[in-house]
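Participant: Taken in sequence, the protein lines are chains W and U.
Heads up: the first sequence begins at 1 in UniProt numbering, then just goes up one per residue.
Heads up: the second sequence begins at 1 in UniProt numbering, then just goes up one per residue.
Among the hints, erroneous ones may be present.
Here are the computed lysine-lysine pairs in the DSSO-like style, where the Cα-Cα straight-line distance is at most 27 Å [stated by the list, open to error]: (1) W:LYS510 to W:LYS499; (2) U:LYS7 to W:LYS408; (3) W:LYS408 to U:LYS72.
Covered by chain W, per the in silico footprint, the following chain U stretches (three or more residues, Cβ under 8 Å) [stated by the list, open to error]: (4) 128-136; (5) 163-173; (6) 363-377.
It is worth saying that the hints were derived from the structure and are not from the lab.
From the three backbone atoms N, C-alpha and C, an ideal C-beta is built for every residue, glycine too.
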Amino acid sequence: MEELDGEPTVTLIPGVNSSKKQMCFDWGPGEMLVCETSFNKKEKSETVPGCPVIYIIRKDVDVYSQILRKLFNESHGIFVGLQRIEEELTGKSRKAQLVRVSKNYRSVIRACMEEMHQVAIAAKDPACSRQFSSQVSILSAMELIWNLCEILFIEVAPAGPLLLHLLDWVRLHVCEVDNLLADVLGSENPRKHESFWKLVTILVLQGRLDEARQMLSKEADSSPTSAGMCRILGDLMRTMPVLSIMLGDEAALLEQKELLNNWYHFLVTRLLYSHPTVKPIDLHFYAQSSLDLFLGGESSPEPLDNILMAAFEFDIHQVIKECSIALSNWWFVAHLTDLLDHCKLLQSHNLYFGSNMREFLLLEYASGLFAHHSLWQLGVDYFDYCPELGRVSLELHIERIPLSTEQKALKVLRICEQRQMTEQVRSICKILAMKAVRNNRLGSALSWSIRAKDAAFATLVSDRFLRDYCERGCFSDLDLIDNLGPAMMLSDRLTFLGKYREFHRLYGEKRFVDAASLLLSLMTSQIAPRSFWMTLLTDALPLLEQKQVIFSAEQTYELMRCLEDLTSGRPVHGEPDAQRLQDDDIETTKVEMLRLALARNLARAIIKEGSLEGS
Amino acid sequence: MEEIYAKFVSQKISKTRWRPVPAGSLQTADTFATGSWDNEENRVSLWSIGDFGNLDSDGGFEGDHQLLCDIKHHGDVMDLQFFDQERIVAASSTGSVTLFLHHPNNQTLSVGQQWTAAHYHTSPGSLSCRSAPCTGVVCSNPEIVTVGEDGRINLFRADHKEAVRTIDNADSSTLHAVTFLRTPEILTVNSIGQLKIWDFRQQGNEPSQILSLTGDRVPLHCVDRHPNQQHVVATGGQDGMLSIWDVRQGTMPVSLLKAHEAEMWEVHFHPSNPDHLFTCSEDGSLWHWDASTDAPEKSSLFHEGRSSIFLFHSISNQANVHQSVISSWLSTDPAKDRIEITSLLPNRTLSVNSLDVLGPCLVCGTDAEAIYVTRQLFS
Numbered sequence: 001m002e003e004l005d006g007e008p009t010v011t012l013i014p015g016v017n018s019s020k021k022q023m024c025f026d027w028g029p030g031e032m033l034v035c036e037t038s039f040n041k042k043e044k045s046e047t048v049p050g051c052p053v054i055y056i057i058r059k060d061v062d063v064y065s066q067i068l069r070k071l072f073n074e075s076h077g078i079f080v081g082l083q084r085i086e087e088e089l090t091g092k093s094r095k096a097q098l099v100r101v102s103k104n105y106r107s108v109i110r111a112c113m114e115e116m117h118q119v120a121i122a123a124k125d126p127a128c129s130r131q132f133s134s135q136v137s138i139l140s141a142m143e144l145i146w147n148l149c150e151i152l153f154i155e156v157a158p159a160g161p162l163l164l165h166l167l168d169w170v171r172l173h174v175c176e177v178d179n180l181l182a183d184v185l186g187s188e189n190p191r192k193h194e195s196f197w198k199l200v201t202i203l204v205l206q207g208r209l210d211e212a213r214q215m216l217s218k219e220a221d222s223s224p225t226s227a228g229m230c231r232i233l234g235d236l237m238r239t240m241p242v243l244s245i246m247l248g249d250e251a252a253l254l255e256q257k258e259l260l261n262n263w264y265h266f267l268v269t270r271l272l273y274s275h276p277t278v279k280p281i282d283l284h285f286y287a288q289s290s291l292d293l294f295l296g297g298e299s300s301p302e303p304l305d306n307i308l309m310a311a312f313e314f315d316i317h318q319v320i321k322e323c324s325i326a327l328s329n330w331w332f333v334a335h336l337t338d339l340l341d342h343c344k345l346l347q348s349h350n351l352y353f354g355s356n357m358r359e360f361l362l363l364e365y366a367s368g369l370f371a372h373h374s375l376w377q378l379g380v381d382y383f384d385y386c387p388e389l390g391r392v393s394l395e396l397h398i399e400r401i402p403l404s405t406e407q408k409a410l411k412v413l414r415i416c417e418q419r420q421m422t423e424q425v426r427s428i429c430k431i432l433a434m435k436a437v438r439n440n441r442l443g444s445a446l447s448w449s450i451r452a453k454d455a456a457f458a459t460l461v462s463d464r465f466l467r468d469y470c471e472r473g474c475f476s477d478l479d480l481i482d483n484l485g486p487a488m489m490l491s492d493r494l495t496f497l498g499k500y501r502e503f504h505r506l507y508g509e510k511r512f513v514d515a516a517s518l519l520l521s522l523m524t525s526q527i528a529p530r531s532f533w534m535t536l537l538t539d540a541l542p543l544l545e546q547k548q549v550i551f552s553a554e555q556t557y558e559l560m561r562c563l564e565d566l567t568s569g570r571p572v573h574g575e576p577d578a579q580r581l582q583d584d585d586i587e588t589t590k591v592e593m594l595r596l597a598l599a600r601n602l603a604r605a606i607i608k609e610g611s612l613e614g615s
Numbered sequence: 001m002e003e004i005y006a007k008f009v010s011q012k013i014s015k016t017r018w019r020p021v022p023a024g025s026l027q028t029a030d031t032f033a034t035g036s037w038d039n040e041e042n043r044v045s046l047w048s049i050g051d052f053g054n055l056d057s058d059g060g061f062e063g064d065h066q067l068l069c070d071i072k073h074h075g076d077v078m079d080l081q082f083f084d085q086e087r088i089v090a091a092s093s094t095g096s097v098t099l100f101l102h103h104p105n106n107q108t109l110s111v112g113q114q115w116t117a118a119h120y121h122t123s124p125g126s127l128s129c130r131s132a133p134c135t136g137v138v139c140s141n142p143e144i145v146t147v148g149e150d151g152r153i154n155l156f157r158a159d160h161k162e163a164v165r166t167i168d169n170a171d172s173s174t175l176h177a178v179t180f181l182r183t184p185e186i187l188t189v190n191s192i193g194q195l196k197i198w199d200f201r202q203q204g205n206e207p208s209q210i211l212s213l214t215g216d217r218v219p220l221h222c223v224d225r226h227p228n229q230q231h232v233v234a235t236g237g238q239d240g241m242l243s244i245w246d247v248r249q250g251t252m253p254v255s256l257l258k259a260h261e262a263e264m265w266e267v268h269f270h271p272s273n274p275d276h277l278f279t280c281s282e283d284g285s286l287w288h289w290d291a292s293t294d295a296p297e298k299s300s301l302f303h304e305g306r307s308s309i310f311l312f313h314s315i316s317n318q319a320n321v322h323q324s325v326i327s328s329w330l331s332t333d334p335a336k337d338r339i340e341i342t343s344l345l346p347n348r349t350l351s352v353n354s355l356d357v358l359g360p361c362l363v364c365g366t367d368a369e370a371i372y373v374t375r376q377l378f379s
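Okay, chain W solo, but in the shape it has when bound (with noise of 0.2 Å):
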């Protein structure tokens, strides 16, 4: 196993006693419920629980900020995007293409930021306030590792632009200095302000030197005195490029931590005014050096500048490691490490079971979008580019969606079937046919089973409207069998609805000629289901008692086949009681009726065949 890489943190479950009470838990897809047992430590377990509620602890509370979800919702279009244009980018215009597509998570990042900004201010709540500032630091680095990974991994800038881009890298993330700058000019005499000096001094530091230029000329107009020394710091700044100049002394520069801020802040103005055409490759030498001068030995790295130190010693494994274990959601890892791997910066890095870095983060990340009673439409994209895992660990998540309303069904319909999972097709028009069944919505039933294809559930279904049938006498939604078209040849017991049905609409006609074949046809092509012979044989009755012959003798000799065959097949039952007698006896008196009936008929029609036309 491997060693911890920190200490674990400590979460306290409110109203418990741990001391004294035991707890019990149990892991679910992204959460862990939590309760108290009425196991004690010490003493004799009591009855009586202490804290009556289970606890649900959830890691990644980010799901469900508000403004965290635009974040989501924004790069999962990036996303899908990416994997889409993936297929069709060859050579040089890729890079540009790869490079536009990090442009847009930064921005999408940055969008974020600003409007969590934004409320962290009006916040009222101190508390609230605090945490939605948290937040955008959060976010603020984040997008400073993103920054530095583009430069360093996707632009992959020779030397010489190297240094350019770690240029503007820095200057986006000090905004103090814009703010300053605004401050002094905006001042009524600016090289009165008491920042004119500090101004000039950062602008020199982020190689600012135009602007240093005119903020110093603006005080060389000004004083006649100062103007000689302004004269030449300004012709040095204008020539710079041609001589190298005093302000690469480190000391000079360690001088100015302050101003500087940070080390990599520090490690950009040192290489910009010593090692300007610096190479992507000894990047981690100086990097490690301004930690250290930086540093200077009082205080240990944060998790921010171990990332950005892996980053500069170009370890993408180690930047997204770290990441992984800073930030508590997997969002960042997920899809920065999705877009390296685009750029084929990651080499098939096998962890123990099988599925490569890039698909286990997507995989995490998409789990725990599954878990959010919203998001996980933006989750089955994710599965869908997860070659490996991606299929089976949809299949898993689909099937757990609650399913409140037909329409949220639907989408989930729909999402199966685009990806041929017919078991889950199968299986959630199921469990929707049950429910319409138990709500007696044989229709709705209905309509789910043909979806399905399910001939099975459309076998109970009809049983279903037949029993309603015998108990009522009459059809129930008569608006769904009338009109099943095509749907009836899903099942058996469908189609001798159907026919069913068609025959008592004959009858209704009086068509009595086409409605008796009809019915013999239901008995005789064994589509009838024998339970429903008897009354199948019933109402033969009024055809066999017209005054015209309507069964032919041909079909009356069926007719009687048919009776045998089902009074010679009924057992005998146990000990009678007072009901089953009753029956017997209705029994008993039908068959008798029938049998009269049929031979009647017989005659006539025996008669009738055996006459002469017109006779």
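Keeping the supplied structure of chain W fixed, place chain U upon it in accordance with the hints.
Facilitator: Chain U in isolation, oriented as in the chain W frame:
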């Protein structure tokens, strides 16, 4: 290309509706309502698309839509309709129907009236009370008609606490949508591919007419009536098929047009330009169907900047599909005219659940938690 503005709003949008403009006024739409779904706490919200006073440098209007006010809603918002300028009716997945009031002076929404057990499987009085989602609502001041998964049709009136009329078990399957044909007549679509016309003047519980699809009984999800020709109705099905019906004649659709690749959630005739039809679907697209006959432009295949898809040829290869074309949506003269179809959303997204059109403005909401608005539909 039309300017279409997107905004991510941290909730999946199930319905979007423009607030109606007062009759005879020259105003264009400026406010719309949305309902969310699948949240632990759903909301009905009102949004405004900016003052007309602010013109940016190009002379166009400022982009973003801003939230005016919102209110908590129990259950998913299954359908939403403006009852009048200040009142909105929302249908809930808990089976209740709520009338919200908008107070423009302090920009708040409040609950005006609520019918809590409008739709249920087993009655609320019984032991095992099971509610059923209310799937569709349509208003015609002062009446509100609702339909639900329980196959029930309710007729409410704004100030009455109980339903004025209820047709129990109107359908053995789920009723997905409802619309008014003429005022005492409504038309419903269900999940076994049938249209049923109900006349409230008649006492019975039977529909006065049933029309159904040929072939497979594909569930129908949405319906809309032509604004001027009250016998022309368009429906969208689970297979993405758009059907045009003439309810005066026959029991089958006049034409079937293969449209989307997945469920069509909403279909709308443009209220003032009925030659234009709009559909949105689970497949993440929103289509504008233009059947008007401005002859000269029609003959060219490309319009600048538009992604136009001519379905003329692809339809003719489909079996069992009748050609339908032109201004009345019913006349069948395939040689002369064609329908121009444009996809309005820039990239494919998750499902577009709802759309609404009013004048030159269109709004739609998606499962990617975004709302899209355009104010230049016909430019």
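Participant: Hint by hint, say whether it matches the structure.
Facilitator: How the hints compare with the structure:
Of the pairs offered as hints, the one joining LYS510 of chain W and LYS499 of chain W holds, with about 16 Å between alpha carbons and a cut-off of 27 Å not exceeded. Taking the CA atoms of LYS7 of chain U and LYS408 of chain W, the gap is near 23 Å; set against the 27 Å cutoff, the hint holds. Restraint check for LYS408 of chain W and LYS72 of chain U: satisfied, since their Cα atoms lie roughly 20 Å apart, inside the 27 Å limit. For the region 128-136 of chain U, the stated coverage by chain W holds: 4 residues have a C-beta nearer than 8 Å to a C-beta of that chain, and at least 3 were required.
A count of 3 residues in the region 163-173 of chain U with a Cβ less than 8 Å from any Cβ of chain W is obtained; the coverage claim is therefore met, three being the minimum. Counting residues of the region 363-377 of chain U whose C-beta lies closer than 8 Å to any C-beta of chain W gives 4; at least three are required, and the coverage claim holds.
The structure fails none of the hints (numbered hints given earlier).
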